[in-house]
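**Q** In this text, residue positions in the sequence shown follow the working numbering: the first is 639, and each later residue adds one.
Don't read these hints as lab results, they were simulated from the structure.
Hints are not guaranteed to be accurate.
Now the in silico label distances, taken between C-beta atoms and shown as ranges [claimed, not checked]:
no.	residue 1	residue 2	range
1	748	657	38 to 44 Å
2	668	725	32 to 38 Å
3	731	691	17 to 23 Å
Since we're looking at a predicted model, the values are computed, not measured.
Backbone N, C-alpha and C fix where the C-beta goes; we use that ideal spot for every residue, glycine too.
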Amino acid sequence: MRVQELAELTGASARSVRHYDRAGLLASRRLANGYREFDGAAIQQVRTIRRLIASGLTIGDIVTLQPCLTARGEFDGCDDARRILDSHIDRLERSLERDRRTLRLLDERRRNMAPRHVLQS
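Kindly produce the complete structure, drawing on both the sequences and the hints.
**A** As structure tokens, this is what we get:
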């Protein structure tokens, strides 16, 4: 299948599919007319890439993780996957804690606000 068809089947943009291919995340072959052609496995690969990006991983992280991914898009126990995922989880936990502190602060300020008086006519 060509880039546009793969994009339509996965919900990715054609530009994203080309980017993933250039990054080495997808295997394609060039046709005589210069178009890229992908096999059916690329559908699952693009879906996996999109899920990983949505979780906050970078293309660079995903390139490093690629040898650790099974055909179904799950991780085996390789050290690179563990290191990257541990680091990403740590960043998310720190971010979540900052967000919780902000939420508590805003909630406290809202509770301490003077009541608003509404004029009645």
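**Q** A separate judgement is required for each hint: does it hold in the structure or not?
**A** Against the structure, the hints:
A hinted range of 38 to 44 Å for the beta carbons of residue 748 and residue 657 is consistent with their spacing of about 43 Å. The beta-carbon spacing between residue 668 and residue 725, approximately 36 Å, falls within the hinted interval of 32 to 38 Å. Under the hint 17 to 23 Å, the C-beta atoms of residue 731 and residue 691, about 20 Å apart, fit the expected range.
Violation of the numbered hints given earlier is absent; every hint is satisfied by the structure.
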